[in-house]
Amino acid sequence: GEDVEQSLFLSVREGDSSVINCTYTDSSSTYLYWYKQEPGAGLQLLTYIFSNMDMKQDQRLTVLLNKKDKHLSLRIADTQTGDSAIYFCAESSSNNNDMRFGAGTRLTVKP
Amino acid sequence: GAGVSQSPSNKVTEKGKDVELRCDPISGHTALYWYRQSLGQGLEFLIYFQGNSAPDKSGLPSDRFSAERTGGSVSTLTIQRTQQEDSAVYLCASSQAGGRYEQYFGPGTRLTVT
Numbered sequence: 014g015e016d017v018e019q020s021l022f023l024s025v026r027e028g029d030s031s032v033i034n035c036t037y038t039d040s041s042s043t044y045l046y047w048y049k050q051e052p053g054a055g056l057q058l059l060t061y062i063f064s065n066m067d068m069k070q071d072q073r074l075t076v077l078l079n080k081k082d083k084h085l086s087l088r089i090a091d092t093q094t095g096d097s098a099i100y101f102c103a104e105s106s107s108n109n110n111d112m113r114f115g116a117g118t119r120l121t122v123k124p
Numbered sequence: 536g537a538g539v540s541q542s543p544s545n546k547v548t549e550k551g552k553d554v555e556l557r558c559d560p561i562s563g564h565t566a567l568y569w570y571r572q573s574l575g576q577g578l579e580f581l582i583y584f585q586g587n588s589a590p591d592k593s594g595l596p597s598d599r600f601s602a603e604r605t606g607g608s609v610s611t612l613t614i615q616r617t618q619q620e621d622s623a624v625y626l627c628a629s630s631q632a633g634g635r636y637e638q639y640f641g642p643g644t645r646l647t648v649t
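Top to bottom, those sequences are chains A and B.
Throughout the first sequence, residue numbering follows our numbering, covering 14 to 124 in sequence.
Throughout the second sequence, residue numbering follows our numbering, covering 536 to 649 in sequence.
Hints in this document: simulated from the structure, not taken from any laboratory.
Note that the Cβ used here is the ideal one computed from N, Cα and C, for glycine as well.
Please note that a few of the clues may not be correct.
To be verified - Beta-carbon label-pair distances, calculated as ranges:
{"#": "1", "chain 1": "A", "residue 1": "K81", "chain 2": "B", "residue 2": "Q618", "range": "39 to 49 Å"}
{"#": "2", "chain 1": "A", "residue 1": "Q70", "chain 2": "B", "residue 2": "V547", "range": "43 to 53 Å"}
{"#": "3", "chain 1": "B", "residue 1": "Q619", "chain 2": "A", "residue 2": "P124", "range": "13 to 23 Å"}
{"#": "4", "chain 1": "B", "residue 1": "G563", "chain 2": "A", "residue 2": "N65", "range": "25 to 35 Å"}
{"#": "5", "chain 1": "A", "residue 1": "S30", "chain 2": "B", "residue 2": "T548", "range": "41 to 51 Å"}
{"#": "6", "chain 1": "B", "residue 1": "Q618", "chain 2": "A", "residue 2": "L74", "range": "36 to 46 Å"}
{"#": "7", "chain 1": "A", "residue 1": "L58", "chain 2": "B", "residue 2": "Q576", "range": "12 to 22 Å"}
{"#": "8", "chain 1": "B", "residue 1": "T649", "chain 2": "A", "residue 2": "D82", "range": "42 to 52 Å"}
{"#": "9", "chain 1": "B", "residue 1": "K550", "chain 2": "A", "residue 2": "L74", "range": "38 to 48 Å"}
{"#": "10", "chain 1": "A", "residue 1": "E18", "chain 2": "B", "residue 2": "D591", "range": "15 to 25 Å"}
{"#": "11", "chain 1": "B", "residue 1": "S544", "chain 2": "A", "residue 2": "E18", "range": "26 to 36 Å"}
{"#": "12", "chain 1": "B", "residue 1": "E637", "chain 2": "A", "residue 2": "E18", "range": "17 to 27 Å"}
{"#": "13", "chain 1": "B", "residue 1": "G594", "chain 2": "A", "residue 2": "D82", "range": "35 to 45 Å"}
Starting from the given sequences, assemble the full structure and let the hints guide the process.
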């Protein structure tokens, strides 16, 4: 099956930038997404990028997509303690009415 | 409210009992998903409903698990003869057919089997 993979843990200091990486295998992926899950809550869509784009910026968030290498990253500038959460990468394709999720990266922000 | 809702938010049950978990998707969303998230883990797909099509049950871990979606809206996930390993957060999500397919998640039901 098609896979989405992410590293499980990332720890940064408050004020630093965080970069969360994701790789996927489906070459027909159309949209790629980042979700955030805070403790005790469901997943919240943070941002998404269409596969014909290579970058999208939204305030402190920058998404980079390398379609050739099937690599997606999420950069959080000036990381705050409130950014501590699990971040899930996901992708969907026009071939399937479905999304596939990575296992999630737990971001810990130390003061 | 416009979001996905789930009930109950927490459920504690004794091993061997049956439980029902409910999901109310966003109005108009034709697709509905159930996931399981064990402590500190990623999402485990359970079942997927799309309109009037037969559901994709490929993720259900055993025949003790079943789900229904009535009238194309509300869904219930039933776990019969619960086991301790069923303890997890059960997340429901819905999405529109077509377009980006991004899923909107409910807050989850935390199930604890004692």
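Hint by hint, which ones does this structure get wrong, listed from lowest number up? 3, 13
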